[in-house]
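So the protein lines, in turn, are chains A and H.
According to this note's numbering, the first sequence is numbered sequentially starting from 258.
According to this note's numbering, the second sequence is numbered sequentially starting from 31.
Simulated from the structure, these hints should not be mistaken for lab results.
Misleading hints may appear alongside valid ones.
Unchecked claim - Label-pair ranges, simulated between beta-carbon atoms:
id, chain 1, residue 1, chain 2, residue 2, range
1, A, R356, H, L204, 43 to 53 Å
2, H, Y64, A, A359, 27 to 37 Å
3, A, A293, H, V49, 33 to 43 Å
4, A, A421, H, T47, 51 to 61 Å
5, H, D168, A, A346, 25 to 35 Å
6, A, E285, H, V53, 45 to 55 Å
To be verified - Covered stretches of chain H, as calculated for chain A (at least 3 residues, CB under 8 Å):
id, region
7, 63 to 74
8, 170 to 179
9, 200 to 209
Even for Gly, the Cβ is constructed at its ideal location relative to N, Cα and C.
So you can see what is in the structure, the chains are spelled out below.
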Amino acid sequence: MERKVSESRRKFLSDESRLWVDDGLISEDARTGIMARYIQARRFPEIVPLLGLSMIGLGVLSFIAANWRYIPALLKVALIICSYLGCVAGAFFLERKGRRVAPDMLLFLSGFLLLGGLALISQVFHIDGSASALLMTWLMVFAPTFLIVRNISIYILYEIVSIAYINVRYGLYERTLYSLVYSLGREGVSLRAGPAAPIVLLLVLVGAAWWICLGERKTWSGIGESKLKNFFVGGPARRIFWSNFMILNWFAWMCVINSRHESILPFVAGILAIGILIIVCGKFLDAFDLDWQGLLLVSAAGIALSFPFTWSYRTSSSEHEFLAETLLSSVALAAYLVYRIIRRFRGSGFTTFLFCALLARWYFGMFFTFMSRSMFFISGGVILLLITFASRKWSKLAAKKTGGDENGPVL
Amino acid sequence: MARSFNLLSLNPFFKRTWVKYAVIAILPTLALFYAPIVNYSILIFGQKALLETLPVDPTDFLRGDYVTLDYEISDLGPFAAQWEDDGQDYDGGPGREVYVSLVRNMNKGGMATVSAVSEKRPSGLYLKGRLKRSWGGDLTCDYGLGVYYIPEGTGRELEEAINDKRVLADVRILRGRGVIKKLELAE
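This is chain A alone, in the form it adopts within the complex:
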């Protein structure tokens, strides 16, 4: 019977079993038989094509919203409701048929459809509501799905929307940022003491994530010795994700800084992010399935692309400056792709995800203002699918050259 394990565990087993053969403990055939029992689990970047599909879905929805003015409002509402219910019903029937992955993926998609649907309905009836109210409505009605299904993709979607809500509602990043600036004693910046609500909400979110993560553990024994350690660096997927998500949060923080006057802060945030990576990942690189080179490269690219002057060029009319921005982004992209090719796409899934987030930041900065929204989403989704397709193709080619397979390291 085959068992799915992480890439790092499979590599460890491969290296160890090689030593067993060398020491005469087992035969080569036995080693091959052992390794055949362990196949590499699907990696985190599976979310990239999923995001691509979701963006195409959003593109179709916004196309309907923007251009389908001749269709009666009632029909639009019916389409929205039917698409959501169809998605959930599809998941239901697939689960009844015993499928494991597809139902969760459909429910993930239903989350997007629900968010888009709520927004479109408020558009149809000209409902005057803030974006934060919309996000909060989604968070409330999608909570049962998040709690019941406990799928990593849904978890990511829910947490990202949670953070987006907090940021949109309370300007959390900016407020924290100004607190940092104030504490550094910078002149000319006044600290406005805000309500405690964003901090409380964040703590509730962290607590909820922690509580859910605890569900992965089979026993309580051992947790007491280092709850904090388990929270930050524990083993199973959700704990790993939450740790990674904190890093992503730092990354998002870097990305929202886009002011010429705060030019030093992306560097401060970048250094802090790298520091957190060092502290959090430290001796647990295997557990995290991360690799240092990728992390450093992504962090460096993050700093470069988040550097205020990079983005402020966009507002000037200088073609040279525009080219410099494009060149900088392209060099970062090329460097990362070369790195991935060298590593035969066996490195960190998270770094791939981060890099896609960087690309998305670049893509938004470049195209959002002058592309129609539906084309913006659809072409973004197609780019993500192409990246996935290319990475798989290259991975297969690299594996074929070295005699391995794309699911795991060469034996």
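Fit chain H to the supplied structure of chain A, relying on the hints for placement.
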């Protein structure tokens, strides 16, 4: 002791697939049905009121292009005096809920104007709103009618069309709640 946080583990009944999906889908479905039902009932059964507006055109990432609308009836004038010094902070958070009675002013082409403001539900044509302080410092009323979504890319056309014209909002009102049916351009 084994512990696992999962709603489905609370009762064997919840382990059934259809129950699981019913729990998942019920809240989103109610949310998706709520707004259409409420708004269609207002559009079908509500009374008509014409309101004079002052539009500008921003855009919303999730919901597309729209014009934000300010209304003449938002300025409550002398009716707001009774709440000016009531100690409430109208700058942040939801303000006091009030009912604004409207009358059709024939001198203004049947446009609705404010006739009274009260904290008690009046009879006749009225809108429910919340008091808030404007940039100028006056108390105004927010009726939740501040946006009108338009087809993508048509904001500029609308902006140009309204340069020399008044924009009127055709609003349907039922039990104090209004829904914009359409915008009209008037000379």
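Going down the list of hints, with the structure as the test:
For R356 (chain A) paired with L204 (chain H), a C-beta distance near 46 Å keeps the hint of 43 to 53 Å intact. Taken as a hint, the range 27 to 37 Å holds for the pair Y64 (chain H) and A359 (chain A), whose Cβ atoms sit roughly 30 Å apart. Take A293 (chain A) and V49 (chain H): their Cβ atoms lie about 40 Å apart, and the range 33 to 43 Å holds. For A421 (chain A) and T47 (chain H), the Cβ-Cβ distance of about 31 Å falls outside the hinted range of 51 to 61 Å, so the restraint is violated.
In this structure, D168 (chain H) and A346 (chain A) break the distance hint of 25 to 35 Å, their C-beta atoms being roughly 52 Å apart. Our hint of 45 to 55 Å for E285 (chain A) and V53 (chain H) holds, since their Cβ atoms are close to 53 Å apart. Chain A is given as covering the region 63 to 74 of chain H, and this holds because 5 residues of the stretch bring a CB closer than 8 Å to a CB of that chain, at least three being needed. Counting residues of the region 170 to 179 of chain H whose beta-carbon sits less than 8 Å from any beta-carbon of chain A gives 6, enough to reach three: the coverage restraint holds.
Counting residues of the region 200 to 209 of chain H whose C-beta lies closer than 8 Å to any C-beta of chain A gives 1; at least three are required, and the coverage claim is violated.
The earlier numbered hints that this structure contradicts are 4, 5, 9.
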